[in-house]
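Participant: Chains as they are written, first to last, in the numbering used here: chain F, 1 to 224; chain X, 1 to 224.
Hint data in this document are derived by calculation from the structure and do not stem from the laboratory.
Heads up, a few of these hints could be off.
Which copy is meant is left open, so a pair is good if it fits within one copy or across any two.
Here are the simulated lysine to any residue pairs, SDA-like style, with alpha carbons at most 25 Å apart [to be verified]:
id, residue 1, residue 2
1, Lys60, Gly36
2, Lys3, Glu69
3, Lys218, Val114
4, Lys144, Asp164
Model, not experiment: these values are computed from the prediction.
Protein chains: 2
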Amino acid sequence: MEKAIVLLSGGLDSLVTAAVAATQCEELYFLHVSYGQRTQERELQSFAEISRHYQPVQTKVLDWRWLAEMGGSRLTDASYQPVKSQKQQDFPDTYVPFRNATLLCAAVAWAEVVQANRIYIGAVEEDSSGYPDCRKVFFEAMQKTIETGSGNNPPISIHTPVIDLHKSEIVALGMKLKAPFELSWSCYFATDEACGMCDSCRLRLNAFSRAGFADPIKYSRNDI
Amino acid sequence: MEKAIVLLSGGLDSLVTAAVAATQCEELYFLHVSYGQRTQERELQSFAEISRHYQPVQTKVLDWRWLAEMGGSRLTDASYQPVKSQKQQDFPDTYVPFRNATLLCAAVAWAEVVQANRIYIGAVEEDSSGYPDCRKVFFEAMQKTIETGSGNNPPISIHTPVIDLHKSEIVALGMKLKAPFELSWSCYFATDEACGMCDSCRLRLNAFSRAGFADPIKYSRNDI
Numbered sequence: 001m002e003k004a005i006v007l008l009s010g011g012l013d014s015l016v017t018a019a020v021a022a023t024q025c026e027e028l029y030f031l032h033v034s035y036g037q038r039t040q041e042r043e044l045q046s047f048a049e050i051s052r053h054y055q056p057v058q059t060k061v062l063d064w065r066w067l068a069e070m071g072g073s074r075l076t077d078a079s080y081q082p083v084k085s086q087k088q089q090d091f092p093d094t095y096v097p098f099r100n101a102t103l104l105c106a107a108v109a110w111a112e113v114v115q116a117n118r119i120y121i122g123a124v125e126e127d128s129s130g131y132p133d134c135r136k137v138f139f140e141a142m143q144k145t146i147e148t149g150s151g152n153n154p155p156i157s158i159h160t161p162v163i164d165l166h167k168s169e170i171v172a173l174g175m176k177l178k179a180p181f182e183l184s185w186s187c188y189f190a191t192d193e194a195c196g197m198c199d200s201c202r203l204r205l206n207a208f209s210r211a212g213f214a215d216p217i218k219y220s221r222n223d224i
Numbered sequence: 001m002e003k004a005i006v007l008l009s010g011g012l013d014s015l016v017t018a019a020v021a022a023t024q025c026e027e028l029y030f031l032h033v034s035y036g037q038r039t040q041e042r043e044l045q046s047f048a049e050i051s052r053h054y055q056p057v058q059t060k061v062l063d064w065r066w067l068a069e070m071g072g073s074r075l076t077d078a079s080y081q082p083v084k085s086q087k088q089q090d091f092p093d094t095y096v097p098f099r100n101a102t103l104l105c106a107a108v109a110w111a112e113v114v115q116a117n118r119i120y121i122g123a124v125e126e127d128s129s130g131y132p133d134c135r136k137v138f139f140e141a142m143q144k145t146i147e148t149g150s151g152n153n154p155p156i157s158i159h160t161p162v163i164d165l166h167k168s169e170i171v172a173l174g175m176k177l178k179a180p181f182e183l184s185w186s187c188y189f190a191t192d193e194a195c196g197m198c199d200s201c202r203l204r205l206n207a208f209s210r211a212g213f214a215d216p217i218k219y220s221r222n223d224i
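Pulled out of the complex, with its shape left as it was, chain F reads as follows (with noise of 0.2 Å):
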């Protein structure tokens, strides 16, 4: 039987991801983080309709506000200022250290304490914003630290599978998997109706555009 922690940002990448995973797993585990990010409530919002839409065993939500006050990022501080210019580093500054191998962290912790041996993570490398945590080459070597690391009995397998798709290969799947999109928040600024503007909105708008459905969310702006 495969039991599964899903880490559930409440966004279009992770909202597929849970889809995939409750064709592959009979138990599911929703975990879902708020870390200070701006629209951490409308996230939250997001987290508990796709879990009433899911149905998992369980669901956890972890307040990591130490995230946010160890700083480093745009996403959690408005008033950053980066250290080094953005030609010096190859992502974009709403790159929070270190963040997906300390989500995957307390997915392993989880997964031990309730015996699960997945973790789902909605990671994309190809159409990412180029974050070293969302390749695959890091997602490898996370898989070696889980193996040497842990209990790891059941073995704990980490399971991404929507990293090697475009954005618009994930809209399909999830149309195809009847994937609730009209739950999903991928707005990294507003909470009511998503900007439309910001690298998050674009890339979403974009990706339906090319799939070829129309976004079920509201946008303040769509004319981009």
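Chain F is fixed; fit chain X onto it per the hints.
Facilitator: Leaving out everything else, chain X in the frame of chain F:
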């Protein structure tokens, strides 16, 4: 210039690790995590006193109640009943699921923010209790995870200066470096005078005895 994040619980191993870091690095950043361990207030006191001694550039204490809420350890939950018998796993039920990996992730996040290039952690392989996340093979995997999953600019390396030492050698090294052992705390359960009976106290007392030094902290019982 070497800038180091030092994970400092306030116990014997992390104290001596901090003492080593102090001889190798120009700038120190001390990181402590309260994760609902029974003696967290006492550890916090040791952390504050050891920080006063070594005068790091910055100290940071993270509130990680979420790790205790996750459960799965006798260290954070007095009523914990292991799912598996001790025969089924190779380490004691004081193991906190994937704790060292999670601690290192927080250290990496902070290192990225303050541009530190080293992380020190006082893990011990030989004389430890057999925790999987104290083994060199785990730290090697974690190093690779940092290289692939973080900004890693400047490159960040994990340092485990006491990992190959016996506990008595750690005491001897600390004595040589004039580490303030009287400020450290090791007992898993008591908070005023060390119990002298838990795994951690016994390892510590035995180490001082073999090294030929008296342990400067008080025990309610140390005749064992």
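Participant: Are the hints correct? Go through all of them and say.
Facilitator: Going through the hints against the structure:
1. Lys60 <-> Gly36: Intra 17 Å, inter 17 Å, cutoff 25 Å: intra and inter.
2. Lys3 <-> Glu69: For Lys3 and Glu69, the Cα distance is within 25 Å only across copies (20 Å; inside one copy 33 Å).
3. Lys218 <-> Val114: neither (37 Å within a copy, 39 Å between copies)
4. Lys144 <-> Asp164: Both, since 20 Å and 22 Å are each at most 25 Å.
Consistency with the previously given hints fails for number 3 only.
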